[in-house]
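K.L.:
Here are the chains, one letter per residue:
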Amino acid sequence: MKSLILSAATRLLVALMLLFSVYMLLRGHNDPGGGFIGGLIAGIGFALYAMAHGTEAARRALRLDPGVIAMLGLGIALLAGLWSALVGDAPFTGQWWFIGAEEGDKGLPLSTVLLFDIGVYLVVVGAVLTLVLTLEEEV
Amino acid sequence: MDSLSAHSEPKTKAEAANTSAQGSAEGSAPVWLAALLPAALTVGLSFALPTVAQGDTIRIAYDWVPSLGVSLSFLVDGLSLTFALLIAGIGTVILLYSGSYLAGHPRLGRFTFYLLSFMVSMLGLVLADNLITLFVFWELTTITSYLLIGFDHASAKARRSALQALLLTGAGGLALLAGLILLGLTAGSFELSAIIAQGDAVRAHELYLPILVLVLIGAFTKSAQVPFHFWLPNAMAAPTPVSAYLHSATMVKAGIYLLARMHPVLSGTDAWIWSLTLFGAVTAVWASILALRQTDLKLALAYTTVMALGTLTMFLGAEATVAVAAAVTFLIVHSLYKAALFLVIGNIDHATGTREVGQLRGLARFMPVTAIAAAAAALSMAGFPPFLGFIGKELKYEGALAIASEPLLVAGAAVLANALMVAVAGIVALRPFYGGEPATPRRPHEAPLRQWIGPAVLAALGLTFGIAPSLIADSLVQPAVSAILGRPETVKLALWHGVNLPLLLSLFTFALGLLIYAGHLRIRRRLAALGERLPLTGDTAWDRLLDGVKALAAIQTDLLQSGVLRRYLFTIFVSFALLVGASLVITGALRPPTAWPELMVKHWVVVALIVAGACMTTVAYSRLAAVCALGVVGVGVALLFVMFGAPDVAITQLLVETLVVVLVAVAMLRLPSLRPDSARPNRRRDATLAVAVGVVVSATLLAVTEAPFDRSITTYFEQTSVPEAFGRNIVNVILVDFRALDTFGEVAVVAVAAIAAFALIRGAARGGRP
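Chains as they are written, first to last, in the working numbering: chain A, 1270 to 1408; chain B, 8 to 777.
Read the hints as simulated data drawn from the structure, not as lab findings.
Hints may contain errors.
[As the list claims (entries may be wrong)] To spell it out: a stretch of chain B is covered by chain A in this simulated footprint if at least three of its residues, at any positions, have a beta carbon under 8 Å from a beta carbon of chain A; those stretches are:
#1 433-442
#2 559-565
#3 661-668
#4 729-735
Glycine is no exception: its CB is placed at the ideal position from the N, C-alpha and C atoms.
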């Protein structure tokens, strides 16, 4: 699809969508959002990019094969689950670290739950893009 | 009829023969070493002999699935020790032998691995104390024997035989599993050592007959009783060491072991006595007649194995101590001479390139040691003194006469089968070695040391135990008989019993056997002529059964798998509407809603939007319009989620809706345009179905909302979300923390679905089916 308006708008839009997807991913624990939603937004962003600039360009922009991204995500999610098993809890129990926590300030909360959500995000991005890019190339 | 002939060994055997004929056996060193394992096991097991001889047992148990009463428990008593020693001892001989027999074979390592796996499964089977453990090992022997019979996988006959054995014994195994579970539930324990004490309770239980029938099906298929006997001769497609091991000494005896093990629990009833006696007697006589018919030495031996199994079954049907002692003694006798004879025939085949009786004469000059071993084993088989076979035969006659119910039938069957055995022993082990000149494809030569030492040792044991029966009487036979009968017994073995009825029967047997041997060429011709007119084995029936199953599968596949997506969807939705609708009506869950909720204007607007989108979809003539209309429905549903406070679900719904439109739009480029005219006859039907599904779903949802709502889980999540999972968005906390394992499963499904779709699209595009 060769459209000057679409390709010009896409440059801005896709960047914003990717940023927004990460924002949605990170805020998910307390506000609407999360890995699944973030992954869908990022996936749609790249799908848009593929429509405007072609799948070749989209694959170059991705750097990794979408299938690899999905598997990477699955691996990260599994790692997050097994982490707690390694420290002696039941698998998939959340492990939390509050970096620099003081009185009245919980600091920077990091957790295996976040890692798990990042895994979900990557699986969704990878799966969606595997579908969209293959379909666009082959059909 | 059976399509087996001689020369059924692997093609590569000719090469194998060359290598070992030159005396070099490169690459067979590991097989040599592998024989150390069974040798060590034999020695280890023999340490249990003194304990068992005193009537004690050894039990080792580990928990496996305690909640189901399944434990990894093993029991060493007289019965299991007798079997285990035979398995490990003969296994040593076989491994030693096959290293030389198959020397230079490219897959020798794999062969050794299969053989060792089989041996371990077999040991597990006879030593298991738990019914489920026993069954698992039982199935493992089926699987490993499948691999061994089909070892020469390039031959269609080997594959067929392997599959036949697998299906037949596997089907029997399923019956056995059902029987064992019923038995475990009836007896209240899955431990054999506990079940054995429950014999009277089990026999009086109403489930006794089903248990007996199922267990007998398992035992009879495994031990090749008529009418399941035909798989065993076919299994001779395996390399000879395998036949010697599986089909003489071990696997086929698994059924016998099971009958012996179950003896204290199931025996003594009319059903047990009659089924074992009749099946055993018919099998014994029938198989000995078929054995006479064979011109292939290995096949003749295979049928005598079936005969031996029939005899063992027949004697296990009895309660009398001497009958059971006859069974145990004959079990040992048979394992020793049969393994030896199979290995002898392997040597003949190896040295001459044939197993046809017509071509094999006067071999004793060329292979003297093999000839001596063959003669010793054959004399034991025929039951001549002073071999162990003689003691076994005398015991059989004594046991047959002691059987209260039907002594004439059992004794008659035993005499006839034994006379035929005398004849077959002559045909198999004496005739090829003496008189005449060999007319074989290759010039015969003596087998290498590792190939004659095994048969020689086994045959020598038959002689040793015959001269000094006390070697096995106290340590093996007596404890085994006690274990089978479930009470302490005293058994004495002796060569000379004085002049009595069994001795007279023995003499009569020799005379009859020699008579049959003298006329065996004529009898064989008669039988062969008869065999062409009558189906003597179940082989053809088996083929017809398999063809029938395949035809049935083809018919039902054609019926169910049309390959038309529209038809699949139609079937799915019709079943859904009927099943859910019917269960709604039957369970009485269908109730009109008691109160209509207050709906605001904005709700009505969204509902109108959804209805309009749905209607638009059904009447659109362009696919793009239909997809967009469907998108309207999706967005409407998302709006409802927003209004009722589920922003996460709404966002996901919107995004998925967007993606679906993108994907469908891409895919649509390839789809044909909608042609309403051609589809018109179906439209009314489709519309009816759509309305029906809609009504059923709506009714279900209304019924669900009418039911009282259980808030306990919701409350739990609301209370624990922040303090325990540090998150205020409960939906996401559930996804990534409370139910993280579920989510992990779901994302795995997403990834797999993407891969599957990828393969499908690529495959279809790259010249695959559209």
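K.L.:
Give a verdict on every hint.
P.N.:
Hints, verified against the model:
no.: 1; hint: 433-442; verdict: violated (count 0)
no.: 2; hint: 559-565; verdict: violated (count 0)
no.: 3; hint: 661-668; verdict: holds (count 4)
no.: 4; hint: 729-735; verdict: holds (count 4)
In the structure shown, a violation is registered for the earlier hints numbered 1 and 2, in ascending order.
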